[in-house]
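Based on the provided sequences and hints, a complete structural model is requested.
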Amino acid sequence: MTKTNAGRFFEDYAVGDVITHAVPRTIQMGERALYHALYPARHALHSADTFAQSCGLPFSPLDDLVTFHTVFGKTVPDVSLNAVANLGYAEGRWETPLWPGDTITATSEVIGVKQNSNGKSGVVWVRTTGRNQHGAVLLSYVRWVMVRKRGDGPAPQTVIPDLSGSVAATDLVIPRGLDFTNYDFALAGEPHRMSDYKVGDIIDHVDGVTVEEAEHMLATRLWQNTAKVHFDATNRPDGKRLIYGGHVISLARALSFNGLANAQLIVALNGGAHANPCFAGDTVRAWSEVLNTAETTAPGIGAIRLRLVATKGTAGELRDDDGKYLPDVLLDLDYWALMPL
Amino acid sequence: MTKTNAGRFFEDYAVGDVITHAVPRTIQMGERALYHALYPARHALHSADTFAQSCGLPFSPLDDLVTFHTVFGKTVPDVSLNAVANLGYAEGRWETPLWPGDTITATSEVIGVKQNSNGKSGVVWVRTTGRNQHGAVLLSYVRWVMVRKRGDGPAPQTVIPDLSGSVAATDLVIPRGLDFTNYDFALAGEPHRMSDYKVGDIIDHVDGVTVEEAEHMLATRLWQNTAKVHFDATNRPDGKRLIYGGHVISLARALSFNGLANAQLIVALNGGAHANPCFAGDTVRAWSEVLNTAETTAPGIGAIRLRLVATKGTAGELRDDDGKYLPDVLLDLDYWALMPL
Amino acid sequence: MTKTNAGRFFEDYAVGDVITHAVPRTIQMGERALYHALYPARHALHSADTFAQSCGLPFSPLDDLVTFHTVFGKTVPDVSLNAVANLGYAEGRWETPLWPGDTITATSEVIGVKQNSNGKSGVVWVRTTGRNQHGAVLLSYVRWVMVRKRGDGPAPQTVIPDLSGSVAATDLVIPRGLDFTNYDFALAGEPHRMSDYKVGDIIDHVDGVTVEEAEHMLATRLWQNTAKVHFDATNRPDGKRLIYGGHVISLARALSFNGLANAQLIVALNGGAHANPCFAGDTVRAWSEVLNTAETTAPGIGAIRLRLVATKGTAGELRDDDGKYLPDVLLDLDYWALMPL
Chain A
1 MTKTNAGRFF EDYAVGDVIT HAVPRTIQMG ERALYHALYP ARHALHSADT
51 FAQSCGLPFS PLDDLVTFHT VFGKTVPDVS LNAVANLGYA EGRWETPLWP
101 GDTITATSEV IGVKQNSNGK SGVVWVRTTG RNQHGAVLLS YVRWVMVRKR
151 GDGPAPQTVI PDLSGSVAAT DLVIPRGLDF TNYDFALAGE PHRMSDYKVG
201 DIIDHVDGVT VEEAEHMLAT RLWQNTAKVH FDATNRPDGK RLIYGGHVIS
251 LARALSFNGL ANAQLIVALN GGAHANPCFA GDTVRAWSEV LNTAETTAPG
301 IGAIRLRLVA TKGTAGELRD DDGKYLPDVL LDLDYWALMP L
Chain B
1 MTKTNAGRFF EDYAVGDVIT HAVPRTIQMG ERALYHALYP ARHALHSADT
51 FAQSCGLPFS PLDDLVTFHT VFGKTVPDVS LNAVANLGYA EGRWETPLWP
101 GDTITATSEV IGVKQNSNGK SGVVWVRTTG RNQHGAVLLS YVRWVMVRKR
151 GDGPAPQTVI PDLSGSVAAT DLVIPRGLDF TNYDFALAGE PHRMSDYKVG
201 DIIDHVDGVT VEEAEHMLAT RLWQNTAKVH FDATNRPDGK RLIYGGHVIS
251 LARALSFNGL ANAQLIVALN GGAHANPCFA GDTVRAWSEV LNTAETTAPG
301 IGAIRLRLVA TKGTAGELRD DDGKYLPDVL LDLDYWALMP L
Chain C
1 MTKTNAGRFF EDYAVGDVIT HAVPRTIQMG ERALYHALYP ARHALHSADT
51 FAQSCGLPFS PLDDLVTFHT VFGKTVPDVS LNAVANLGYA EGRWETPLWP
101 GDTITATSEV IGVKQNSNGK SGVVWVRTTG RNQHGAVLLS YVRWVMVRKR
151 GDGPAPQTVI PDLSGSVAAT DLVIPRGLDF TNYDFALAGE PHRMSDYKVG
201 DIIDHVDGVT VEEAEHMLAT RLWQNTAKVH FDATNRPDGK RLIYGGHVIS
251 LARALSFNGL ANAQLIVALN GGAHANPCFA GDTVRAWSEV LNTAETTAPG
301 IGAIRLRLVA TKGTAGELRD DDGKYLPDVL LDLDYWALMP L
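Chains as they are written, first to last, in my numbering: chain A, 1 to 341; chain B, 1 to 341; chain C, 1 to 341.
Mixed in with the good hints there might be a few duds.
One copy or any two copies: either way a pair holds, since identical chains are not told apart in the list.
To be verified - With a Cα cut of at most 20 Å, we get these calculated EDC-like pairs of lysine to aspartate or glutamate:
| # | residue 1 | residue 2 |
| --- | --- | --- |
| 1 | K240 | E295 |
| 2 | K3 | D184 |
| 3 | K120 | D152 |
| 4 | K324 | D184 |
| 5 | K198 | E289 |
| 6 | K240 | D17 |
| 7 | K120 | D328 |
| 8 | K240 | D320 |
| 9 | K228 | D204 |
| 10 | K3 | D204 |
| 11 | K114 | D17 |
By construction, these hints were calculated from the structure, which means they are not laboratory data.
Structure (structure tokens):
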């Protein structure tokens, strides 16, 4: 009898199942410093207690993507150990900031299953919820993955969840106390407020970062993400390790400071595709497209919906004539952020 | 007159000498985060304050190997700067958990010397003790190394310490308050309790991690270990740096989560050999063998004695027909851990 | 209209202008741990709260160079984005220690401009001041850089600031409470007090560290220094990234522990030149020359003025017969440190 975790196969997911993911994790100041070492992150609200306090918060919360990565990492042994592909995200909402000292736990509910026609694999949809030590929801999101079947039993009844294409602006949760009335644009790094951005604007974030094996492995381990493709060079003839898609998300988001310095907090993840794999040696660049803007009920705070693209190629270029992602495109992410009106 | 430290030679050790190692070190949340970035560590007691609290501790202690590495690093300038080989460990006991904010100091007593027959070097045994800022013993262990002689003076009287082959289960120190009565196996990551393990069981920990130069140097510097072979590429024609043996210990211990997730705390080091050197580019795997189990007087807590092997090869394979370590074997470590009964 | 920062050109600096640098930064225990992972730093006052307390401080301050790097990083988008060369430093003084939890902001006053005879660029002098969240000055220093001109307008009136060749010993600021009367030389790592050092002494710090791309990028990002030459491999045909000069400063300063373990705090930067660029794969060594010593009014505390040289070559060798830096020399730094009398 083996003692190790072989991961779940398609047959092991039934709609309605709730999976408690193992190994809660306390996040502290150390993770914050590492986030700044791993990514060129400069958004002021995540950089300085004083800036966060001038915006009504008690002190600077961890980067919103620290919550995402930690929760995601918890799910890997139960959701994606035998996954063939990470197919999509939807309905992601950050509901509570992550403060230093908080402990994160995560659960996932199976909300959809659909066997593929080849009978060898199927798609599983889960709604994952990360909570802090008080039970408050930090983040919830839907993810769907293609998972191998163990055997050749009958297909389960197909259940495809009804997912919205984007989180409604009225459903965004604004952190308690957040107030951009006295927002200091000079300290934040750019003068642009929400009204300066128009739907359809394309912003080239200019800078590029070349990724090293050591960096993405440090990051992925930090989130306790154990998927072996990220760490074991013997998995591929060229010895390269597949870079965790979330590493590319954080790189692109950090690069987007240059042009979107005032898009301070991520509050929703509407969707996302890891268009092509990323490997060490790639130089990652980023560009954004403004998809929407909305007011909120919070003082001085607007919401901006952005497409964030990580690419090895040219800003503004996304798909070929057949609608397929260009080979240089690494990430196409759709999210809402908060910005001073 | 040079101001720099040339290290001690064999003649500089006399049985009974006590060496105060320099540079005390305060360990904080940052070291904890770095430990998780450097090693795929997931044992729940070291990951989450809430889990540690459910086991009777005030919050999550630093990984036990942080104590080991920091104490070991302190000894390097005094013990192993002119060492030819690190020969063995014995009688290691962790006596107090390391909490964030603690300051570590270390001393070593010379307990044995034996000149080699070639007259060029000798073996030195030291018992090293690491203490916290309150003077409490965090860890003590015996290490013996082969050290070069400076000159050709007479041999000192041979003193070989009488070392036990393993720490007796009754001598293990259980952290005050630790209680596994309400242990949460789901959050810990595996269902196996001590009674599920039998002496002789071999556990293949499955995963592999390919090591990069940047990673092992970050780790080794973090422990203020200054041995130049770990940092200076000009020491070898191929430019590779010899990886600190303790880096391999931490990698293997972290990998052992998969199959030994409930072996929560290391409480004794019975022995260990760095069987072959490890270099960047090596993919490190791990397997364990159950050597013994024992009850303790603490509530719900058993002790499991494990052989932990780090290897570039196959689980279960250790020595050739002549009893020599196979060339793929990196580490053969013998330790006691605490596990729910 | 672009939303991104194209940086300032020579025409954009006028003497008397004060630039508020963006993105304040809170520094915590995580940055401290990373500093120890990135550099072989062992000075006891920055390593242990207990040692700092035995010297009259409340606990261990961050390394003085953390203050320098963070302040410097803040200035990059406003001062050196279009810089052709970093020409020099002067009149640097640390006035307040950096404690964990402090938030750093920075401003720079333009104190000199001089157009080059080619009309394509010019030299800009700025006095940069870093402050903590209470408004106290942490560090101020003068830096001058060569910056490209945007157009071909007329030259501004030349203003060259009158800079002193070194900070006077009487102008050094000793941290409040610092007292070396009961200094523990054994714990600090070396027995040498200030009177053991003579002007003209050359100290070879012996050890070498080979630098990896991942390491210098982690460091440079940690200081939120965004200069693209440090991160983007497509900037050079060989794919190497130019290493931030400050990374070399920290490496050399950390290596100088071996021979200058009691030069505990940097209190002034008299001058410095990045003599040649440093790239990944270089093995950095360091040597120091004693330039001066002075008493201070603080108990048991002397000041030692040191030349710190980082080199890929031989200790003691600095310039060729024409007075040019040898090609192996990376850094020539002139600073004051505090040392027990």
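Any of the earlier hints contradicted here, and which numbers? Structure breaks hints 1, 4, 6, 7, 8.
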